[in-house]
Structures are given as C-alpha cells and as structure tokens.
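Each chain, written out:
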Amino acid sequence: MKPVIRRTRASSPVVMILVLGFVGISLLHLLLTIATSQSVYELADLKREKRELDTSSQILAEQVLSLSSNQNLYSTASRLGMVVNTNPVFLRLNDQAILGEPRPAAGTTIQSTNLVANSVMIVESTQLNQETVPASSSEPTQIPSESQTSSSIIPLSPTR
Amino acid sequence: MSQSGTAGVSRRLRLLLTVSTILIVVFLIRLIDFQIVRAEAISELSYENRAVSRTVEAIRGDILDSNGNVLATSVYRYDINAAPANVKPVERVIDGVSQLISVESIALDLAALLQEDVAVLMTKLTGTTNYVNLKKRVDADTHRRIMDLEIPWIFSDAHQNRLYPNGAVAGNLIGFVDVDGQALAGIERQYNSCLAGVDGKESFETGVDGVRIPSTAMVTQEVQHGRDVVLTIDSGLQYQAQQVLAGEVERLSADWAAAVVIEVKTGRIVLAAEAPSVDPNDPGKSAEQERGARVFQFAYEPGSTMKAITAATAIDTGYATVNTQVTAPSSLKVFDHVINDSYVHAPERWTLTGVLRFSSNVGTIKIAESIPAETRHAYMEAFGFGTPTAVGFEGETRGVLNPYQEWDGVTNFTTMFGQALSVSPVQMTSAYQTLANEGVRISPSLVAGCQDDRGNLDPIATSTPTQVVSAATANDVMHMLEKVVEQGGIGKATAVRGYRSAGKTGTAEIKEGSGYGDYYAASFFGMAPVDNPQYAMGVVIYKPKRVWTNSMAAAAGYQKILSNVLLANRVQPSSGTSMDLPNKW
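Protein sequences appear in the order of chains U and L.
Its first residue numbered 4, the first sequence is counted upward by one per residue in the working numbering.
Its first residue numbered -10, the second sequence is counted upward by one per residue in the working numbering.
There could be a bad hint or two in this list.
[As the list claims (entries may be wrong)] From the structure, some residues in chain U lie toward chain L, with a derived Cβ separation under 7 Å:
#1 38
#2 58
#3 62
#4 68
#5 73
#6 75
#7 85
#8 89
#9 91
#10 93
#11 107
#12 118
#13 121
#14 122
[What the hints assert, rightly or not] Cross-link-like lysine-lysine pairs, in silico, DSBU-like; alpha carbons within 35 Å at most:
#15 500/L - 534/L
#16 113/L - 77/L
#17 481/L - 534/L
#18 274/L - 500/L
#19 77/L - 124/L
#20 125/L - 113/L
#21 190/L - 53/U
#22 77/L - 50/U
#23 322/L - 534/L
#24 573/L - 500/L
#25 53/U - 532/L
#26 124/L - 190/L
#27 125/L - 77/L
#28 254/L - 481/L
#29 573/L - 274/L
#30 124/L - 53/U
#31 50/U - 322/L
#32 190/L - 50/U
#33 125/L - 53/U
#34 532/L - 322/L
#35 50/U - 500/L
#36 254/L - 322/L
#37 532/L - 500/L
#38 113/L - 124/L
#39 190/L - 125/L
#40 500/L - 322/L
Don't read these hints as lab results, they were simulated from the structure.
Built from N, CA and C at the ideal position, the CB exists for glycine as well.
Work out the full structure, taking the sequences as your base and the hints as a guide.
So this is what it looks like as structure tokens:
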C-alpha cells in the first residue's frame, strides 16, 4: 500500500500546477484578447483620425501653394504699391567700391493685371483660423495614404 | 420506494441516456462533418468573407523648379455620388430637438457646396437607381463639407489628381495629364518613368464591423511612390517673362511670343517662356497649338540673328576680322535673284562690325562669300543647328538645315543671313550661349534630375561641352554685338541700365506657300553682361501686326526680361566701356 500512497502524494502538486497553469494561461489569453480587441478599435479610430488630419493637411497645403503662387504674390505686391527697382547698386566688399548709380526706386508700380492664367488660384484662405492651425502644420504634407477609403461617414461608391 | 417506482425511474433514466446518446452521436457526426469533412471549404468561405485585398495607389511625384517651388503635385479629388433609390428626408438633432430635414433643403445645401443648379440636382436625385454622379472631382474642402452634412444616401469616390498651383507658369514645359492620370505632354510625359511610382498590393482580414484584425495584414507588393523631377528653371522669372510676353502679344497684336534665357557657364535653361501658354489645370481651355512648347517645338527662319554665326565662322576660319572692310550697296544681284538690305542706302564702306551694326545682308555676303559652303555648314552644325538639343523635349524640332550639297547658288548666300533654314528659339539662344562662353557650347538642359523623398538627386546626364570657335573669335563677335546695343537704333532699346549687353536684331520673313508673307518673326538674341557674361537670351515675337512689325517689336520685351533676370540674380553691374571698334572705314 505504501508505494501507492507515495505516488498519489507526488502527482497531486503536479496536477494542481498544470490545472492552475492552464487556468492562468487561459485567463491571460482572455485578457490579452480583450486588450487586443480594444486596441483594434482604438487603432481604427486613430487611423480614421489620421485620415481626417491628412485631409486637413492636404487642404492647407493646397491653400499655401495657391496663396504663394506667383500670380498671388504679384497681385499682393501690386496692391501694396510695391515698385520694381530697376537701378541696382552694389557695394564691393574688398575695396568698398560702389557699383552702379544710387537712385530712388522710382519705377512705376508693377503691372496689377495678371496675364498668366491660373484656374486653381484662390486669393484668401477659406479653411482655418489661428486656433485650428497647429504649430506643426508647417511640416511637409503627405497625401493621405488611405484616401481610397475616403471617409468614415460617407461610404465608398458601390460601383467600385 | 416501491419496486414499481424504482423500475419507473430506471426506465426514464435509460430513456434519457438513450436520447442523450443519440443527440451526442448526431452532434458528433455534425462536428466531424464541420471539422473534418467540410473543414477546408468552410474555412475558405469564412476567409473569403473577412479577407480584403486592395491596391495601394502610388503617389505621382512632384515637378519642382530650381528653387524647390512646386509646379506640379498630386492631390485627391472626389466624385460626389448619390443613390436616388434611397433618397429621403434626413433626421437631425438641432438644439436637442429631433427634426426631419427635407430632401429639397438638403439639395439646396448640396447645390451651394457643389455650385450646381438645385433643379438639376433634384432631377438627379429622383429615380430608383442606386448610383448617380452629382459632380466630379470636387476638392477636399468641399468634400469634407458635404461629408459633414451626414447624408446617408450620399457617397463618394476618391481619385488622385494633378494640381498645378502656379497655373500656366511653365505650363508649356510641364505638360499635363488626362483625367485618368495618364501623362499626355511635356515633362509630365517625358519623365513619366521618374514621376510615376509602382502601385503596391496588400491583404488583411476584417471583422464583421469592417475593422482590421491585427496581425493579418500582409503586403504582397510594396508600394513605390513616384520621385520628383527638378527643373533648371526659376518659376518666378518664368512668370515675370510670361507676364511681359503676354503684354507684348496684346500690345503688338502678335500671334505669340517666346523668350529663352540660358546660363552661359552651365547651359541650364533659366526660363523658357511663351505667351499664350497652356494652364495645365485646364488644358481644354487652350487652343491645340497653345498646349505645346514652341520654344522647343517650333522652327522658324531666324533672319539676321544668324549673321552673328556667319561672322563667327568668318573670323574663326581666318576669312575676316572685326575690321575687315567691305563696300556694300543696298542690293546685290546673285544669279537671277536680287538680295536687298532692309533699307535703301548708298554704297557703304563698312567694317565687319559695321555690317553687324547695320545688319546688312549684302555686307554679310561680301564678308562670307569666300567661305566654302561645306565649312559654313559644319560650323552651323557645331553651333547646334539641325539637331535637337540635349533636352530632348517631347516633339522637339531639329529645325531645317539641309545638307550643303543641296544648297543652290542663292541658298548658299541666303543661309548667311538666316533664310532657307530654320531654328527653334532654344537652338538660337544656345548658339548665343556659345558666343558668350568663349566659344564653348554646352547643350542646354532643362531637367536637373530625378529626386527621391530624401532629397537625393539623380542628375540627368549632360552632354560634353564642345569648343565651337576659339575664345578670341567668340569674344570678337560679342564685342561687335555690343555695338549693336550701344549704337543701333533698335539695339539701344534693349539696353539695361548699369549693364553692358550685346545682341543682334532679327526681322525674319515668314514662308507662306512658295514665297514669303506680309508678316515677320521679330527677334532679338544676345548676352549680358559683356564684361562677365552670365546669361544668353532670346525673344521672338511672331507676326506682330501693329506698333512695330520689325525687330523693334522684340526689343521692349527683351529689355524687361533681361532686366528681371539680372536683378533677380543680383548680377554685379558692369564696369569698363566697350571696345573701340569702328563701323566704317
């Protein structure tokens, strides 16, 4: 009888450990699954947010490009009454010689009419005010990489 | 418990066991069916339902000017669609109160955003179909505003689109793409292999709510976005030149005008402008002949601007010097043909400098008549005539420079002053670059290279510079051309205060049928500053019909553009005076 009793005593902790281990792993797996599921939705939300921000970035970048177009700069300079100085004068550093004849920039105001077509030109920002322009918005814009799924609210065309 | 009661329990127990056993067997059979027999098919069906595979669109690269300014970029545009079958009022909560917004009211909002007629929209929204397009290619801002309306029966498709923020600035060079993004013209087409990327492919699995299942994403092909093309032009100067040219076309009632500026030391094209020029955002608005680049694609008889090349040939071959003396009447009979100067004059005792200064056809013939045609032809080829430039622009003309063996007696003479051959504005500017660069020709370049997103530039190979004429010859010609600007009636109008410049007028007749028509191609080509040449330049005004019809028509535009170029690049004003070269003897 003694050997039987010894075998039972020896296997009980092992079984307990195995059962507890199994239960523990199952619980851990369950927790991880819950956490992962939660993260998946967070990730989806973040991706949606990124798409929105990318779109904002594109809108802003387009406005910056248009506002800094030659046509806009030219028109703005004209509105400000700027004139072209056709009288360049240079100071040569090595001998302090003055090259050219200093005269006031008395040129006529630059031509105000734009003669170079630009069908996408905008003349003022329509999008954002200071509150909505973060400090980092000056960074280069990337086109939304997932713009095929254009929005979370408007579904994609069923024809695609 | 009685015996009969015990037996009843036992019977019910057996019945329960039997039913349970049958159920277990049924479930087991079903389980084996699902898990083993049809396991693969079911798994495949399940995967198909949750697996998504899609193309990751490569983004087309930008086109930049020499200062990194964006001339072409890629943005997303959206087609706004609706499902008329589902059109109905939309419920909205406004100030905590649920309200039903009518279709008419929604259509009014849409019409304002899409800038469409509300009646037209209402017609489109009526029907039983699941798809109708309301407007194509709206911008992201408009798309977002429509999206914010949260209309369940409105949906959209995103498309990559090309945006040219500077409109027609360098539109002649950049070219354009069609609605499907296919490059149709210009740099867009020529450098499509640099600009276009390679689409990627990826697959992943989603849950029933469409959310991606983590760790299922698999990229089967990595997306490669397009690279940027960097041009040599300065878009600011290009714009100013186009402004000037557009003004001149209007003032002179000309067909078109073109200007080219090349950096003397590098051959880089600083601007290649023309008016009218296509706005690549909307090429359909331009006439077909205005959608290309005349500076590269159009060949015209250059006329007297070719005399500088003839003079260089004469000096370089030893047939003349700046002081070679000729007596030139105002007309000369060669074979059965009479060649005239542009005005009637008594026989003049001109030096070669005077021949150029007064742009005498007869004097040019007298200077160059002894040079073998073969030699002159070889020099013309060396100056780049008869061959497209190294730019290799799409559809670039080689001009017409027939083999000298095909020149008849008259043609042999007329080629000396720019008739019976044709050149593009870029070719002629390149020839003047050679004269300004001590006789070394650097074939023009328009594209600096192809640049990746890290800013690494893969430069475009440039051609080897060639010594066309000696430095002394080139300088002699340049100094003679300085007299044209300093003393010539038209040349003076091209002078820029503070700078010594040189150049040559051209009033070229235009072929019409077998003869010449009533209008001219007025041009002026030159270089500046003479004491340290930095830029070679040319302006062509094609068929000016009022104010000026001769090369005077090109002078004002030339002066303004040259002034802009010199000032914008902070070129040091000239010092010293021109060489003492007599016109007469």
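Going through the hints against the structure:
1. 38: Since the shortest Cβ distance to chain L is 11 Å, the answer is violated.
2. 58: Status holds, d = 5 Å.
3. 62: holds, 5 Å
4. 68: holds, 4 Å
5. 73: Cβ of residue 73/U sits 4 Å from chain L, so the hint holds.
6. 75: Hint violated; residue 75/U Cβ to chain L Cβ min 9 Å, cut 7 Å.
7. 85: Since chain L brings no Cβ nearer than about 14 Å to residue 85/U, farther than 7 Å, the hint is violated.
8. 89: With a minimum Cβ separation of about 6 Å from chain L (threshold 7 Å), the hint on residue 89/U holds.
9. 91: holds, 6 Å
10. 93: Nearest chain L Cβ about 5 Å off; hint holds.
11. 107: violated, 14 Å
12. 118: Holds. Min distance 4 Å.
13. 121: holds, 3 Å
14. 122: holds, 5 Å
15. 500/L - 534/L: Satisfied, since the Cα-Cα distance of roughly 16 Å is no more than 35 Å.
16. 113/L - 77/L: holds, 14 Å
17. 481/L - 534/L: Since the Cα atoms of residue 481/L and residue 534/L sit roughly 22 Å apart, the hinted pair holds (cutoff 35 Å).
18. 274/L - 500/L: holds, 29 Å
19. 77/L - 124/L: Holds. Residue 77/L to residue 124/L sits at ~20 Å (cutoff 35 Å).
20. 125/L - 113/L: Distance of about 14 Å is within 35 Å: holds.
21. 190/L - 53/U: Between residue 190/L and residue 53/U the Cα gap is close to 21 Å, so the pair holds against 35 Å.
22. 77/L - 50/U: holds, 31 Å
23. 322/L - 534/L: holds, 30 Å
24. 573/L - 500/L: holds, 34 Å
25. 53/U - 532/L: violated, 56 Å
26. 124/L - 190/L: Judged against 35 Å, a Cα distance of about 29 Å means the pair holds.
27. 125/L - 77/L: Distance of about 23 Å is within 35 Å: holds.
28. 254/L - 481/L: Holds. Residue 254/L to residue 481/L sits at ~26 Å (cutoff 35 Å).
29. 573/L - 274/L: violated, 54 Å
30. 124/L - 53/U: Holds, because 26 Å separates the two Cα atoms, which is no more than 35 Å.
31. 50/U - 322/L: Violated, at roughly 83 Å.
32. 190/L - 50/U: Status holds; Cα separation ~19 Å.
33. 125/L - 53/U: Answer holds: residue 125/L to residue 53/U is near 25 Å, not above 35 Å.
34. 532/L - 322/L: Given pair residue 532/L, residue 322/L holds - Cα atoms ~28 Å apart, limit 35 Å.
35. 50/U - 500/L: The given pair, whose Cα atoms are some 64 Å apart, is violated under the 35 Å limit.
36. 254/L - 322/L: violated, 42 Å
37. 532/L - 500/L: holds, 12 Å
38. 113/L - 124/L: holds, 11 Å
39. 190/L - 125/L: holds, 26 Å
40. 500/L - 322/L: holds, 21 Å
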